[in-house]
Amino acid sequence: GAGVSQSPSNKVTEKGKDVELRCDPISGHTALYWYRQSLGQGLEFLIYFQGNSAPDKSGLPSDRFSAERTGGSVSTLTIQRTQQEDSAVYLCASSLDTGTDTEAFFGQGTRLTVV
Amino acid sequence: DAKTTQPNSMESNEEEPVHLPCNHSTISGTDYIHWYRQLPSQGPEYVIHGLTSNVNNRMASLAIAEDRKSSTLILHRATLRDAAVYYCIHPLGGGADGLTFGKGTHLIIQP
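Protein sequences, first through last, are from chains H and Y. Residues in the first sequence are numbered from 1 upward in steps of one, following the working numbering. Residues in the second sequence are numbered from 1001 upward in steps of one, following the working numbering.
Keep in mind that the hints were calculated from the coordinates and are not lab data. All residues carry an ideal CB built from backbone N, CA and C; glycine is no exception. Hints should not be assumed to be uniformly reliable.
[Stated by the list, open to error] Okay, the calculated beta carbon distance ranges per label pair:
1. Ser27/H x Gln1042/Y: 19 to 27 angstroms
2. Glu1066/Y x Asp97/H: 27 to 35 angstroms
3. Thr1079/Y x Gly71/H: 37 to 45 angstroms
4. Asn1008/Y x Pro61/H: 41 to 49 angstroms
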């Protein structure tokens, strides 16, 4: 596709259930980022991938959060045993690499609501 | 923590120029200065970036101070569609600092 694609666009889940959020980056982009944005708040960095590797997992809020990337392309963010405070928009971005001269492209996000 | 400082909000009138300031006093010699904006209910979008020289593109201009410790994003003729949160960042080479966003400036455009 022409841009970063995220699915689903909206997800409503019951507290305690597991959810998987998917990100399809722009083809050829080696760097991939996940962010979380709660209502009216700024972007909270979660994790980034360079290829299939995630050198920095320090932004993940708890051990219920995990992410993987396979084939240097699609990434999934998994939240286990969801809690109401996990409700937010989850944004994915990709860039050619992690160099400072590189612009990032964002998807439209997945709005997660935990009820 | 974000390494840039921006005003929380600014207000401007439609069809007037807007100058959005950003301080980045800890920037290193090789860090580019990037600006992104986030329109309501959308993901952030790239606006412009530069290293030392002033930069222009179809969306905006970026004026970078000679010491590189500050920059100004210039919207030459604001429209209502420019109302958004504008983020100034200087990404390092990946990692948590690679694309760390602060709170940005909420730009309000009055008709």
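Consistency of the hints with the structure:
1. The hint said 19 to 27 angstroms for the Cβ distance between Ser27/H and Gln1042/Y, and at roughly 22 angstroms that hint holds.
2. Judged by the Cβ atoms, the range 27 to 35 angstroms given for Glu1066/Y and Asp97/H holds: they are separated by roughly 29 angstroms.
3. The beta-carbon spacing between Thr1079/Y and Gly71/H, approximately 41 angstroms, falls within the hinted interval of 37 to 45 angstroms.
4. The beta-carbon spacing between Asn1008/Y and Pro61/H, approximately 25 angstroms, falls outside the hinted interval of 41 to 49 angstroms.
The structure fails hint 4 only (numbered hints given earlier).
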